[in-house]
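Chains as they are written, first to last, in my numbering: chain A, 2 to 136; chain G, 2 to 136.
There's no promise every hint is true.
The list cannot tell twin chains apart, which means a pair is met if one copy fits it or any two copies do.
[Unchecked claim] Simulated crosslink set (BS3-like; lysine-lysine; CA at most 27 Å straight-line):
no.: 1; residue 1: Lys15; residue 2: Lys122
no.: 2; residue 1: Lys15; residue 2: Lys3
no.: 3; residue 1: Lys31; residue 2: Lys122
no.: 4; residue 1: Lys42; residue 2: Lys15
no.: 5; residue 1: Lys3; residue 2: Lys122
Please keep in mind that the hints were generated in silico from the structure rather than gathered at the bench.
2 protein chains.
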Amino acid sequence: MKPTHIEHIGIAVKSLNDSIPYYEEVLGLKCYSVEEVVDQKVKTAFFMVGQTKIELLEATSEESPIAKFIEKKGEGIHHLAFAMEDVAEALTHAEGKGIQLIDKQPRPGAEGLMIGFMHPKSTGGVLTEFCAKKK
Amino acid sequence: MKPTHIEHIGIAVKSLNDSIPYYEEVLGLKCYSVEEVVDQKVKTAFFMVGQTKIELLEATSEESPIAKFIEKKGEGIHHLAFAMEDVAEALTHAEGKGIQLIDKQPRPGAEGLMIGFMHPKSTGGVLTEFCAKKK
Numbered sequence: 002m003k004p005t006h007i008e009h010i011g012i013a014v015k016s017l018n019d020s021i022p023y024y025e026e027v028l029g030l031k032c033y034s035v036e037e038v039v040d041q042k043v044k045t046a047f048f049m050v051g052q053t054k055i056e057l058l059e060a061t062s063e064e065s066p067i068a069k070f071i072e073k074k075g076e077g078i079h080h081l082a083f084a085m086e087d088v089a090e091a092l093t094h095a096e097g098k099g100i101q102l103i104d105k106q107p108r109p110g111a112e113g114l115m116i117g118f119m120h121p122k123s124t125g126g127v128l129t130e131f132c133a134k135k136k
Numbered sequence: 002m003k004p005t006h007i008e009h010i011g012i013a014v015k016s017l018n019d020s021i022p023y024y025e026e027v028l029g030l031k032c033y034s035v036e037e038v039v040d041q042k043v044k045t046a047f048f049m050v051g052q053t054k055i056e057l058l059e060a061t062s063e064e065s066p067i068a069k070f071i072e073k074k075g076e077g078i079h080h081l082a083f084a085m086e087d088v089a090e091a092l093t094h095a096e097g098k099g100i101q102l103i104d105k106q107p108r109p110g111a112e113g114l115m116i117g118f119m120h121p122k123s124t125g126g127v128l129t130e131f132c133a134k135k136k
């Protein structure tokens with residue numbers, strides 16, 4: 002049940018093009034992938050830092066959760082994702098501990114992972130995701 | 002100049018005692034250290050997840066930056082810290098790229114590290130820290 006590492010940190014940005022240079026030129030990271038996740042209405046850019054990815058998230062529609070987040074809170078860290086062995090098991094365990102789930106069942110996410118979110122009301126204000134490789 | 006890994010993720014909480022059970026019982030992590038950082042007016046609790054620490058931050062005074070953060074934004078992710086070889090060099094490099102620094106020089110942080118912060122206005126809304134082991 003314990004996470005093996007922080008899989009990624011999701012950061013809401015207004016524009017990937019405007020944000021990528023900070024990560025590349027100031028932090029010295031390399032953007033290795035840009036991917037659109039159609040059902041989440043986002044375009045993502047990924048950087049690797051040790052075991053962990055930085056995932057920049059740009060909204061592709063005003064209906065995107067990222068557009069709503071930025072409207073309310075401005076650009077910044079959007080969510081924290083833990084790498085688990087099994088997302089379904091992690092979600093069930095969390096629900097058993099009284100955590101409110103956003104996803105009752107795992108669903109496909111970016112980078113070919115299975116993912117599931119818990120509600121930040123239950124997790125101390127941190128929108129928290131479980132991820133695992135597809136089996 | 003490239004970070005080796007995410008050194009820690011700082012999370013502002015109202016109460017360590019109320020927050021630690023979520024990290025231990027829901028996520029299966031183990032709190033290995035509670036430390037007070039007097040000059041930052043915070044009490045911290047640490048958990049290891051792979052290469053990265055989760056650092057919970059509780060204010061010990063109303064004047065603490067953490068108290069002000071929670072008052073304004075509520076509990077949640079406060080900052081992101083990258084492990085660097087040399088904090089002074091990383092700060093100088095960032096300033097040369099036009100980044101506004103909070104710390105012009107490295108200073109001592111929790112866990113015996115040298116640290117330096119960049120201003121979130123310059124870093125896409127993410128309060129960002131460089132850390133390195135003391136030499």
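Results for each hint:
Proximity of Lys15 and Lys122 under a CA criterion of 27 Å is satisfied in both settings, with 25 Å inside one chain copy and 14 Å between copies. Proximity of Lys15 to Lys3 under the C-alpha cut-off of 27 Å is restricted to the inter-copy arrangement: shortest distance 24 Å between copies versus 33 Å within a copy. In this homomeric assembly, Lys31 and Lys122 come within 27 Å of each other (Cα to Cα) only across copies, at 22 Å, whereas the closest approach inside a single copy is 34 Å. Proximity of Lys42 to Lys15 under the C-alpha cut-off of 27 Å is restricted to the intra-copy arrangement: shortest distance 13 Å within a copy versus 33 Å between copies.
Proximity of Lys3 to Lys122 under the C-alpha cut-off of 27 Å is restricted to the intra-copy arrangement: shortest distance 21 Å within a copy versus 35 Å between copies.
Checked against the numbered hints given earlier, this structure breaks none of them.
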